[in-house]
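Quick mapping for you: the protein sequence lines, in order, are chains A and S. For the first sequence, position 20 (counting from the first letter as 1) is numbered 14 according to the working numbering, and the numbering increases by one without interruption. All you need for the working numbering is the position in the second sequence, starting with 1, plus 1.
I should point out that these hints are in silico values taken from the structure, not numbers from a laboratory. One thing to keep in mind: the hints can contain errors.
Quick partial rundown of chain A residues pointing at chain S, CB under 7 Å, derived from the structure [stated by the list, open to error]:
1. Leu113
2. Gly128
3. Thr132
4. Val134
5. Pro135
6. Phe136
7. Phe171
8. Gly172
9. Ser175
10. Ser178
11. Leu179
Taking beta-carbon pairs under 7 Å as the criterion, some of the chain S residues facing chain A (in silico) [claimed, not checked]:
12. Asp28
13. Thr32
14. Thr48
15. Gly52
16. Ala71
17. Gly88
18. Phe95
19. Thr96
20. Leu99
21. Trp101
22. Thr102
23. Tyr105
24. Gly106
Derived Cβ-Cβ restraints for the label pairs, each shown as a range [to be verified]:
25. S:Ser33 to A:Leu0: 25 to 35 Å
26. A:Val117 to S:Lys74: 47 to 57 Å
27. S:Thr87 to A:Phe246: 42 to 52 Å
28. A:Val28 to S:Lys70: 15 to 25 Å
29. A:Leu181 to S:Met107: 23 to 33 Å
Backbone N, C-alpha and C fix where the C-beta goes; we use that ideal spot for every residue, glycine too.
Single-letter residue listing:
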Amino acid sequence: MAGPELLLDSSIRMWVVLPIVFITFFVGVIRHYVTQLLHTEKKVELEQVSDSQVLIRSRILRENGKYIPKQSFAMRKHYFNDEETGFFKKTVRKVVAKNPMTDPSMLTDMMKGNLTNVLPMIVIGGWINWAFSGFVTTKVPFPLTLRFKPMLQRGIELLSLDASWVSSASWYFLNVFGLRSMYSLILGQDNAADQSRIMQDQMTGAAMAMPPDPNKAFKAEWEALEIVDHQWALENVEEELMNGDLNFEGFFTGELQHHIFS
Amino acid sequence: MASLVAKREGPQFISEVAVRGNAGVLDYCRTSVSALSGATAGILGLTALYGFVFYFLASFLLSLLLILKAGRKWNKSFKSRRLLFTGGLVGGLFTYVLFWTFLYGMVHVY
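Go ahead and model the full structure; you've got the sequences and the hints to work with.
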């Protein structure tokens, strides 16, 4: 169908479409600042930190062991894995199981996350649905099937109306999704107004915290270190250096004066 | 774009800060192009299929320009060239649809 079929009042444009855009945007910005204000640093135990550092050190040894001589590698491996005095064998930490439901700090974090993200969306969506209902707001430029009609045309009771004409609630949701990437333009990286990022963080954040059983982590690291085979990558490094082209052309400035035998 | 690879053969040391900075720059470009092309599509009055084709055309053009800018030494700044093509396409699509709908409504409906 060519051209607009409906003629809409200009005051709808001024008082509905634009305000919804501004509301969505400013709520997102406010959400970012509120999250920053309410953000509390997660407290970590000193022992946890030192344990995770030891694991990192052992992992680095495994990955880069081929750059140090065999003796150095054996010495470090001995420190970790020796039968009686090795670190991984000797240290047995008390296991404190952290149940996510009862652990207070994690619970408040979850609650805060849910509150600042989902609640404003629901509240404002509901308010817009109540305040701006009963009229057509705008037309989306692409044709939609009839299945979308009840979803996008809340409050408009016309059976024959094209599904492209949408109500204000759907315009609000379109704004929410569309402005998400605009936030990173305006607020810089890592802004808290981006809901999808926060949901992703929630899923990976559980993996980043120290596993509640450091003993298991130690045992796994011990096994990994045991089976590492030391291949010295620098074994023939002198040969390779002397065999290659040393590129001395522009190296020295000026000629050496031979005064010895003159 | 920040260079993130040490200048020698062998294992590469990757600077995390540089990777994120580069990804941020790409994201910025992608969002800007989506917004502007959405505005253009709305003003031009493109509908349905033409609109989506226009978005993919604009994204492809952006990828070409980025590859041109990255030049021959692209692997100093990026792990793979695929990222230049497909990074942030869906997020950009949402932004595009938003601006497209907005300007289409502003210009053609009212």
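Quick rundown of the hints versus the structure:
1. Below 7 Å, beta-carbon pairs count as interface contacts, and Leu113 (chain A) has none with chain S, the closest being about 22 Å; its hint is therefore violated.
2. Interface restraint check: Gly128 (chain A) against chain S, minimum CB-CB distance 18 Å, threshold 7 Å, status violated.
3. Among the interface hints, the one on Thr132 (chain A) holds; its C-beta lies about 4 Å from the nearest C-beta in chain S, closer than the 7 Å criterion.
4. Restraint check, Val134 (chain A) versus chain S: the minimum CB separation of about 5 Å is within 7 Å; hint holds.
5. Evaluation of the Pro135 (chain A) hint against chain S yields a held restraint, the C-beta minimum of about 5 Å falling below 7 Å.
6. Hint status for Phe136 (chain A) relative to chain S: holds, with the closest Cβ pair at about 4 Å, below 7 Å.
7. Among the interface hints, the one on Phe171 (chain A) holds; its C-beta lies about 5 Å from the nearest C-beta in chain S, closer than the 7 Å criterion.
8. For Gly172 (chain A), the interface hint holds, the least distance from its beta-carbon to any beta-carbon of chain S being 3 Å, beneath 7 Å.
9. Because the smallest distance between the Cβ of Ser175 (chain A) and any Cβ of chain S comes to about 4 Å, under 7 Å, the interface hint for this residue holds.
10. Evaluation of the Ser178 (chain A) hint against chain S yields a held restraint, the C-beta minimum of about 6 Å falling below 7 Å.
11. Proximity of Leu179 (chain A) to chain S holds as hinted, the smallest CB-CB distance being about 5 Å (cut-off 7 Å).
12. Given hint, Asp28 (chain S) at the interface with chain A, holds; its Cβ is 6 Å from that chain's nearest Cβ, closer than 7 Å.
13. Taken as an interface hint, Thr32 (chain S) checks out: its beta carbon lies about 5 Å from the nearest beta carbon of chain A, inside 7 Å.
14. Proximity of Thr48 (chain S) to chain A holds as hinted, the smallest CB-CB distance being about 5 Å (cut-off 7 Å).
15. With a cut of 7 Å, the hint placing Gly52 (chain S) at the interface with chain A holds, because the nearest CB-to-CB distance is about 6 Å.
16. For the restraint placing Ala71 (chain S) at the interface with chain A, the shortest Cβ-Cβ distance is roughly 21 Å, beyond the 7 Å limit, so the hint is violated.
17. Because the beta carbon of Gly88 (chain S) sits about 12 Å from the nearest beta carbon in chain A, more than 7 Å, this interface hint is broken.
18. Of the supplied interface hints, the one on Phe95 (chain S) holds, with its beta-carbon coming within about 5 Å of a beta-carbon of chain A, less than 7 Å.
19. The beta carbon of Thr96 (chain S) comes within 5 Å of a beta carbon in chain A, closer than 7 Å, and the hint placing it at the interface holds.
20. Checking Leu99 (chain S) against chain A: minimum C-beta separation of about 3 Å stays under 7 Å; hint holds.
21. A least Cβ separation of about 6 Å between Trp101 (chain S) and chain A falls short of the 7 Å threshold, and the interface hint therefore holds.
22. This hint holds: Thr102 (chain S) has a C-beta 5 Å from the nearest C-beta of chain A, less than the 7 Å allowed.
23. Annotation: interface hint on Tyr105 (chain S) holds; nearest CB of chain A at approximately 5 Å, less than 7 Å.
24. At about 4 Å, the closest approach between the beta carbon of Gly106 (chain S) and any beta carbon in chain A falls short of 7 Å, and the interface hint on this residue holds.
25. The beta-carbon spacing between Ser33 (chain S) and Leu0 (chain A), approximately 33 Å, falls within the hinted interval of 25 to 35 Å.
26. For the pair Val117 (chain A) and Lys74 (chain S), the beta carbons lie near 51 Å from each other, so the given range of 47 to 57 Å is met.
27. For the hinted restraint 42 to 52 Å between Thr87 (chain S) and Phe246 (chain A), the CB-CB distance of approximately 51 Å keeps it satisfied.
28. A beta carbon spacing of about 38 Å between Val28 (chain A) and Lys70 (chain S) contradicts the range 15 to 25 Å that was offered as a hint.
29. At roughly 25 Å, the beta carbons of Leu181 (chain A) and Met107 (chain S) sit within the given window of 23 to 33 Å.
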